[in-house]
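These protein sequence lines map, in sequence, to chains Z and S. When the first sequence is numbered by our numbering, its final residue is 1289 and no position is left out of the sequence of numbers. When the second sequence is numbered by our numbering, its final residue is 603 and no position is left out of the sequence of numbers.
One or more of the hints may lead you astray.
[What the hints assert, rightly or not] Among the chain Z residues that face chain S by a calculated CB cut under 8 Å, a handful are:
1) 1073
2) 1091
3) 1094
4) 1134
5) 1193
6) 1194
7) 1196
8) 1245
Since the hints were made in silico from the structure, they are not lab data. Cβ coordinates follow ideal geometry from the N, Cα and C atoms, glycine included.
Here is what each chain is made of, one letter per residue.
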Amino acid sequence: MIEQRISPPKTRIDVTVDGSTVSVPEGSTLLDACNAAGADVPTLCYLETLTPINSCRACVVEVEGSRTLVPACSRVAEPGMDVQSDSDRVQRARKSVYELLASAVDLSLAEPETVRQMERYDVDPERFGEGWHRTDEVKIQDDLYIRDYDKCIMCFRCVAACGPDAQNTFAIDTAGRGLNSTIATEFDVSLPESACVYCGNCVAVCPTGALMFKTEYDLRTSDDWRPDDQHVATTVCSFCGVGCNLELHVQDNRIVKVTSPMDHSVTEGHLCIKGRFGWGYVQPEPD
Amino acid sequence: MLGIPDSRWHGGERTAGGDRVAYGGFHRAAARRHLLLPALHALQDAIGWVSHGALNYVSERLDLGPAEAYGVATFYDLIATEHAPPVVAHVCDDIACLAKGASRIVDELEAALGPAGEHGDAAPWKRSPCLGQCEKGSAAFIQCAGASARSIAPVTAEQVIDIVTSGSADDAVAPTTSAQDRSDLRLLAILDDEGDMGLYRSKGGYEGLARALEIGPAASVAEVEASGIRGRGGAAFPAGIKWRAVTEHEGVKYVVCNADESEPGTFKDRVLLEGDPFAVIEGLTIAGVTTGAQQGYLYLRGEYPVAFRRLSEALESAREAGLLGPDIAGSGRTFDIEIRRGAGAYICGEETALFNSIEGFRGEPRQKPPFPTDAGLFGRPTLVNNVETLANIPAILRDGGAAYAEIGTAQSTGPKLFCVSGNVASPGVYEVEFGATIRELIELAGGVDGALRAVLIGGAAGSFVDASQLDMPLTFEDTRAAQLGLGSGVIIAFNESIDMHTIVARIADFFGEESCGLCVPCRVGTVRQHESLVRISEGGDRAAELEILDELDHVLRDASVCGLGQAASSAVQSAIRLGLI
């Protein structure tokens, strides 16, 4: 017998976004409401498949009656809320948030969406003056992926993906406090010595290239990473019966990266070591 | 701490046939995650640091990833994850002590012992944020492997050098003194070193609890509401609203006493906990029986070893007297209190960060809503009150809320403790009725040494005022009208000899050091604020820097997750407005 979960129909509530009323199902976030209203709200640490941690503050919006700005990604919409998604106050805060981040970490490989938002808010990384900047050596500890914490914006997506939101491995967590906090294994032991199972889900969710597949890293280092010359082949993983969709990113007839679609009902973008890295057998050894 | 392992998997007894049975019990182990910080404390107290093997063992017993436990351990200043010397001295160089010449002590220690250690490293001494001993003029907190921690105040550089080299220390805290005649005071009437419950009861102690049990929860909440008491921790939220909200919830709930007093310049809670622990315990017990909670937690600042001992003894006496435990004062109600020690993190005084800390997570704040009264500790409705707030509760129940509301002003009811320190003749905790002015409090403390330059009210998260504002009554309404905050009741006076650049930069440095690192505005913004202030004091382009500071002020106030970031620019901005820097 197939068990079917039937949830009661959700009541819809009305929220005002930038002067126009939108109706969203009860329990939606303000980000859902803003998206429904067509407002362009930037996000950085938020990912639809992970629990919002609201750390980046790029998605802050102004809510009538609230003393401070509120993070749209995690604030649940309440009936009658009056939201300003891009008021002067919001723009000012977002610009500063991006400038603070850009002044402290290397955003050169950030997602195109982040680059677009930084242009939108006319971000000047120099505005807060010369000062502390992340300086970390690239950690290359195995052949599967690298960690370059110079580029880490502490969005905690990798921690959530490694932990309760996907993999339940808990190999990495935030260590330290404040500006010196970083993502680390216990006592910063190398990945092969840690609990890491090499599912690569942390790499898949990283928005800034701080975590990168070794194949991509090597190609970038030799200045041979050419996304425009890559094509993506969609297939189903052949290892077990779960049926995870794979997207094989192929450059010069070689697989350079494997991802899974975020909207795939089985994987939500997450894979295991076999699907993620176990493709060596389909292509000949390099010369 | 964690008990004997119940399985051979974790080093327990070997039983016949046991080898063939796989061990389960992981949910049971994970449900004990809240013991993580106490376990780390136990290791730190016993051997002076948390080794890799020890961390792995604790993680296994609590079914945690070692990386998670490491993340928690490295969050706290008082937990070392590198092989530390057996004795480590944390020496206060915060603003109140700076006004009394702490930089001299720091210089002498640097000359004798080398540079101060950074977080997590193996140096024998470290600079510490305010240790809450401000009335003593200088202070050190000593961690000793194999012995309990010690407080020394006032302290000299020679003492610290001697302790660090000899490897042993005793408590040497000067008794709490006050220039005030205490006979008519309400909160400071008892300052008792003996921890004698008889003395407390002879002055009307536990009559409040008796009346609360007699009139029941609904009437008790009504008394708290009628009293008009607002929280004394800094946010000034009406306590009655929280009491009612938690009481009206069904099911398991908790009451928590926030004793993580860490706001620079604040020491009133320490004085209460050391001198009159029963008042706080009675207040929390009344909160428990009124709201229907069976378990109370008292989250005590880790740097308060004397208060920890006094409280532990007082809790034991209360249990012996039947005033805590399964049948409180013969009422059939169950309530007990557990002390949880903080481990050196200012942010854990933020209520939701405090919950995370108790639950065994990193002490990072949670986004509100939901508010603690709906979903707090362990996700249950939780009443959190500050030490001083709870110390007022017995009198509110004993004499009635209406009588209490007569004290002070219409909107700020009750007695209030102020922590007066810095360049005054007799620093200390002073009790007044709401309505006293800054000038009156400074005069109570014997007046300013020398010519007054500025007064910091509300602590590092507060604001500077100058001589023109000394006649402002220290009430919630007057300070709010002046766009200042009463905060936790801090009054630090600075005279003309003090370099205000140093003081303001120290405040900015404090926030940078104490930011948990969760949100971008606070994690990066507090450090940028400090850098900008340093550039100003080094003769940088002042106009450009003021623009940077103004922009940082906006993003910190508007976009930070919690009150720490939102208040991190307050004192700096007030110093700029007054032309102090």
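Results for each hint:
no.: 1; hint: 1073; verdict: holds, 7 Å
no.: 2; hint: 1091; verdict: holds, 6 Å
no.: 3; hint: 1094; verdict: holds, 6 Å
no.: 4; hint: 1134; verdict: holds, 6 Å
no.: 5; hint: 1193; verdict: violated, 11 Å
no.: 6; hint: 1194; verdict: violated, 14 Å
no.: 7; hint: 1196; verdict: holds, 7 Å
no.: 8; hint: 1245; verdict: violated, 29 Å
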